[in-house]
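Participant: Each chain, written out:
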Amino acid sequence: MTTTAAAPPPAGVVPSSPLRKGGVLRPLRSFRILLPFAALIAVWWAIWASSEFSPQVLVSPVAVWHAFLHLVSYGVLAEYASTSLTMIGFAALLSLVVGVPIGFAVGVNRYAAHALEGFLRFLQGISGIAWLPLAIIWFGFTHTTTLVIVVYTLIVPIVFNTMIGVRAIPEPYMLALRSLGASRLRMVKDVYLPGALPSIVVGLRLGMGYGWRALIAAEMLVRKGGLGDLIFGARTFGQIDRIITGMIVIGCLYVVVDRLIVQPIENLTVARWGVLRQ
Amino acid sequence: MSDAAIERGPAGSGGGPGGRSGPRRTLQQVVWRLLPLTPFALVLLAWVAYWVIARPSAATLPAVQDVAAALWELAVKGELAIHVLASLWRLFLGVALGVATGVIGGFIVGLNKPIAQFLSPLIVFFNAISGIVWLPLVIGWLGIGTALAVFLIWNTVFFIVFQNTVLGVQLVPQVYEQGVQALGGGRWQTLSSVILPGALPYILTGLRSGLGFGWRALIAAELVGATTGLGQMIFGATEYHRSDIIIGGCLLIGLIAIAMDRWLLLPIEQRTIERWGLVFDARKAE
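Line order of the protein sequences matches chains A and B. For the first sequence, our numbering assigns the number 1 to the initial residue and increments by one for each residue that follows. For the second sequence, our numbering assigns the number 1 to the initial residue and increments by one for each residue that follows.
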């Protein structure tokens with residue numbers, strides 16, 4: 001099923017593209033996906049060939065391919081990429097483990113939810129990256145700084161959406177379970193978690209969108225490994241081929257993470273609990 | 001599941017819980033109104049308490065009054081206004097460009113299935129690298145300054161608005177289109193009286209979340225790619241370990257973001273939604 005909602009999605013959510021409709025097993029699918037990129041590379045090549053660009057401004061697709069092979073063969077790319085992926089994975093896990101319980105605790109009480117809503121909105125307005133200067137003063141140019149920034153970026157939308165999700169659960173469900181004598185744990189397991197899950201996943205997805213960018217930006221400034229370091233470091237030496245290689249890797253990794261991990265979770269929750277209808 | 005789920009307050013009455021009348025109710029209303037301030041007060045209290053007890057150095061955690069003083073000093077010197085205006089101007093340019101191109105592109109693509117299918121992989125890919133990822137490349141093309149920040153914001157906002165517009169355009173029920181056509185409406189009339197209003201709520205959702213992403217991209221871009229602006233103000237302060245300026249700047253960044261959302265976007269969005277009534281979920285559910 002598609003994940004398009006009947007009504008506009010909650011604020012701040014980029015709905016999953018309706019463009020990717022169509023069967024998974026279409027024989028022409030891989031061709032359809034690759035053709036636009038081939039066209040793009042052709043245009044890029046044409047622009048590059050049309051005039052004499054300094055290698056500091058634009059390089060040919062071939063040069064990027066060579067840079068890619070070079071980075072791969074020395075194992076540098078794998079190292080940079082794994083640094084970034086480990087960081088975002090760890091940060092996402094930490095944010096979920098800490099953020100979801102907070103969201104539950106706040107969401108079940110309407111006074112707490114009302115009290116915290118404005119505060120969370122305020123925090124969301126201060127992007128994680130804005131705290132980077134302070135984090136650098138506190139933790140130095142270390143991985144800790146990056147982690148703090150990314151967790152901050154991820155956790156705010158997760159707490160916020162968990163809270164919204166719990167608040168949106170129809171009251172009769174809770175009352176029904178409570179009148180049957182359900183314990184707190186039982187309530188969490190059978191009402192809050194399934195009821196709020198679609199909203200939590202929305203928060204996670206939004207948080208990943210913010211968090212991945214915050215990670216790249218933080219890596220650019222902290223300069224302790226990671227793909228952001230790779231592309232920003234290449235800037236200092238004017239290595240455009242490396243920058244473009246890094247950008248392509250960043251894009252591909254994000255698409256893979258989003259499509260292969262986050263979106264299946266979303267589809268699963270949506271299909272199972274059917275909050276968003278087609 | 002929308003923001004209004006909580007804002008409406010208990011029992012949807014806008015006031016305190018329960019429907020009792022009399023002085024007790026007004027008291028509860030006052031408490032309800034003041035409740036959002038408590039987290040701020042608690043943080044402030046914790047900050048003051050920590051500062052009084054642990055006495056950290058000014059570089060680690062300045063006193064509350066130091067932060068206020070630093071902001072006041074910058075404001076009096078006129079520097080603050082320069083930074084804020086530079087940031088807002090860039091945001092405005094980037095968002096305006098992003099919305100204009102995103103909506104136009106979204107209409108063209110949303111109304112042409114073959115084009116939509118052809119472009120969709122590119123859109124997915126470029127959306128994944130929208131924003132700050134372009135900085136190292138584009139800094140070499142545009143140099144440091146407003147053009148760079150505007151490019152990054154445009155790049156961020158465009159994809160969000162574009163995707164939402166395409167979604168909105170594609171989801172307008174065909175019946176309405178056919179209805180106008182059956183009454184003799186031309187292509188232009190179908191566009192202006194069916195598809196545009198139908199897609200508007202989606203476009204505005206895109207604008208609202210685009211502004212959120214754009215504001216982040218701006219601050220990130222200004223950290224390295226500018227000589228003025230709020231991002232540069234706080235990053236420049238790092239060198240001198242001026243935590244007071246950094247914290248003050250961060251608070252200001254949050255305040256501006258929340259003000260834009262509340263007084264600019266929320267009213268626009270609600271007015272459109274009320275007018276065209278396409279949302280009926282949580283706003284009335286609670």
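Read the hints as simulated data drawn from the structure, not as lab findings. Fair warning: this is a prediction, and the values are worked out from it, not measured in the lab. A couple of the hints might just be wrong.
Said to hold, decoys possible - What the simulated footprint calls covered on chain B by chain A, stretch by stretch (three residues with Cβ under 8 Å from a Cβ of chain A suffice, anywhere in the stretch; the number is not a length):
no., region
1, 67-79
2, 252-264
Unchecked claim - Simulated restraints on C-beta separations:
no., chain 1, residue 1, chain 2, residue 2, range
3, B, Ala96, A, Val43, 25 to 35 Å
4, A, Leu93, B, Gly140, 34 to 44 Å
5, B, Ala69, A, Pro55, 47 to 57 Å
6, B, Tyr240, A, Val43, 42 to 52 Å
7, A, Phe31, B, Gly140, 43 to 53 Å
8, B, Trp89, A, Ser51, 46 to 56 Å
9, B, Tyr240, A, Thr144, 44 to 54 Å
10, A, Val43, B, Asn112, 35 to 45 Å
11, B, Gln178, A, Thr236, 34 to 44 Å
C-beta: ideal position from N, C-alpha, C; glycine also.
Participant: Looking at the structure, which of the earlier hints fail to hold?
Facilitator: The structure conflicts with hints 1, 7, 8, 9, 10 and 11, although it agrees with all the remaining ones.
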